[in-house]
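K.L.:
These are the residues of each chain, in order.
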Amino acid sequence: MSSIESQGVSPDVKLVTAIRSGDESAMAVLYDRYSSLVYSVALRVLGDTGVAEDVLQEVFMQLWRNPGLFDSSRGNLAPWLAVITRNRSIDSLRKRRPETDIDEVVVSVEPDMAGAAERGRAMEKVRGALGLMPLPQRSALEMAYFEGLTHTEIAAKTGEPLGTIKTRIRAGLLALRKAIA
Amino acid sequence: MSVHEQFAEDLALHALGSLQGDELAALRAHLLSCADCRRELELLLGDMALLAMSTAGSAPPRHAKQRLLDAVAREPRNIATPASARRGFWTLVPWFAAAAAVLMVVLLLRQNSELKSSVATLNSLFTDQKLELQHAQEVVETFTAADSQQVTLVAAKNAPQPQGKTFYLRDKGRLIFLAINLPQLPPEKIYELWLIPKTGAPIAAGLFKPDTRGGASVVNPPLPVGVEAKTFAVTLEPDSGSHEAPRGTFVIVGIGE
Chain Z
412 MSSIESQGVS PDVKLVTAIR SGDESAMAVL YDRYSSLVYS VALRVLGDTG
462 VAEDVLQEVF MQLWRNPGLF DSSRGNLAPW LAVITRNRSI DSLRKRRPET
512 DIDEVVVSVE PDMAGAAERG RAMEKVRGAL GLMPLPQRSA LEMAYFEGLT
562 HTEIAAKTGE PLGTIKTRIR AGLLALRKAI A
Chain F
210 MSVHEQFAED LALHALGSLQ GDELAALRAH LLSCADCRRE LELLLGDMAL
260 LAMSTAGSAP PRHAKQRLLD AVAREPRNIA TPASARRGFW TLVPWFAAAA
310 AVLMVVLLLR QNSELKSSVA TLNSLFTDQK LELQHAQEVV ETFTAADSQQ
360 VTLVAAKNAP QPQGKTFYLR DKGRLIFLAI NLPQLPPEKI YELWLIPKTG
410 APIAAGLFKP DTRGGASVVN PPLPVGVEAK TFAVTLEPDS GSHEAPRGTF
460 VIVGIGE
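As given, the protein sequences belong to chains Z and F, one line each in that order.
So the mapping is simple: the numbering used here equals the position in the first sequence, first residue as 1, plus 411.
So the mapping is simple: the numbering used here equals the position in the second sequence, first residue as 1, plus 209.
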């Protein structure tokens, strides 16, 4: 059992503090806690297990090299990792250089989802909201988010007006927020 | 929280990373000064995170953990940067402001240079027009100056006859009239120039008195634009101001070019 685990269920802030101090065992705990999330997001975007694993490695190594990138005072680790992974996966999908600096990403999710139980409950609600979402809205949201298509590309692909696509994307995101409120 | 509606959809697109070009630049500029929209962007990124987290369920390959831990062990650690001291985007705002100021100076210098170029062009145009005006004044002066020596050449043994010449631009309503050898005016009389249209009543084109040698000119009297002239005439009228129609005797009448 690692030193982190021996202290009980450590909140993310303690985990990142340990990583910051160079505790390699903290990276193992971090991996156990969030590798499924990071890998799932990368696999959903990339659809390739090998490339998804590469993104998984890259995301965790970035945090190891510079744990200060994550500001624990401005959000939880899980949502932050999810967003970072999605962005890196889209960059990889489109074979482009990273377009967003990680330290620019500040993610705010309420309620607190540091614990696996809270995350599980929230995800059930999110999946429920996605299931209730009108298909064109869900489709626009998923094309933008998981395929990295711009609103212009989505409008061209679906034949829908650009303004309609913009509205659907925003309304879709707000519906997810409302689902866990 | 009050998100500016004009940026509401762009904020969502920016969170997704799909906003580009002028729209992205405009939103970034707005975010520098709007805390509400910055907060909304954070919430939208949170919404995105929810969507990403809804995919959870796939386990990475077994070897992936060891691969990571091996990489961690091989990687020399950099000195950690405290979170409070990290250079987040918003801490760079002063640098962006400084860069924007420098950019503004460059733009102003370029604009200044363009304005100088425009002024130089206008100066050149002004000089050309000044020369043209000077030339025109010289021509008119030659015709009208009191000391201009005017000699009318007529058939031998004929006395000099009154003559006039008009130069008329119909589409611009401009008229120049020059006359020579006009008889000296009787008391309380004045000459009046008339534009005789092809249709309609004559139009008064200016009162004038000849100089001591019978020379006279009328330059650009007020005339309506676009009147087609049949001819021009000069009448001798009572010296009581402009008239609505010729009442006196015709002194000279146009006979064509």
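Please keep in mind that the hints were generated in silico from the structure rather than gathered at the bench.
Worth double-checking, as some hints may not be accurate.
Away from chain Z, derived, C-beta distances all over 12 Å, residues of chain F [said to hold, decoys possible]:
(1) Glu218
(2) Lys339
(3) Ile399
(4) Thr458
Here are the simulated DMTMM-like pairs of lysine to aspartate or glutamate, each with C-alpha atoms no more than 20 Å apart in a straight line [to be verified]:
(5) Z:Lys589 <-> F:Glu347
(6) F:Lys398 <-> Z:Asp459
(7) Z:Lys589 <-> F:Asp420
(8) Z:Lys589 <-> Z:Glu535
(9) F:Lys398 <-> F:Glu341
(10) F:Lys274 <-> Z:Glu435
(11) F:Lys398 <-> F:Asp420
(12) F:Lys274 <-> Z:Glu535
Just so we're clear, the structure is a prediction, and the values are computed from it rather than from any experiment.
Every residue gets a Cβ at the ideal spot worked out from N, C-alpha and C, and that includes glycine.
K.L.:
Determine whether the non-interface label on F:Ile399 survives the test: each CB of chain Z must be over 12 Å from its CB.
P.N.:
Holds, since 74 Å exceeds 12 Å.
K.L.:
Taking only the CA atoms, is the gap from F:Lys398 to F:Glu341 under or equal to 20 Å?
P.N.:
The given pair, whose Cα atoms are some 37 Å apart, is violated under the 20 Å limit.
K.L.:
When you check the alpha-carbon spacing of Z:Lys589 and F:Glu347, does it fall within 20 Å?
P.N.:
85 Å, violated
K.L.:
Classify the label on F:Lys339 as holds or violated, using whether its beta-carbon is more than 12 Å from each beta-carbon of chain Z.
P.N.:
The claim holds: F:Lys339 sits with its nearest Cβ about 55 Å from chain Z, beyond 12 Å.
K.L.:
Is the straight-line distance between the alpha-carbon of Z:Lys589 and that of F:Asp420 20 Å or less?
P.N.:
96 Å, violated
K.L.:
Quickly compare the C-alpha distance for Z:Lys589 and Z:Glu535 to 20 Å and report which way the hint goes.
P.N.:
13 Å, holds
K.L.:
Going straight from one Cα to the other, do F:Lys398 and Z:Asp459 come out at no more than 20 Å?
P.N.:
Not satisfied, since the Cα-Cα distance of roughly 108 Å exceeds 20 Å.
K.L.:
F:Thr458 clear of chain Z by more than 12 Å, beta carbon to beta carbon?
P.N.:
Holds: least Cβ distance 80 Å, greater than 12 Å.
K.L.:
Hinted pair, alpha-carbon criterion (20 Å max): F:Lys398, F:Asp420. Please report holds or violated.
P.N.:
Satisfied, since the Cα-Cα distance of roughly 14 Å is no more than 20 Å.
K.L.:
Is F:Lys274 within 20 Å of Z:Glu535, Cα to Cα?
P.N.:
Violated. F:Lys274 to Z:Glu535 sits at ~27 Å, over the 20 Å cutoff.
K.L.:
Is it true that the CA of F:Lys274 sits at most 20 Å from the CA of Z:Glu435?
P.N.:
12 Å, holds
K.L.:
Verify that the Cβ of F:Glu218 lies farther than 12 Å from every Cβ atom of chain Z, and report whether the claim holds or is violated.
P.N.:
Violated: least Cβ distance 4 Å, not greater than 12 Å.
Taken one by one, the earlier hints fail for this structure at numbers 1, 5, 6, 7, 9, 12, listed in ascending order.
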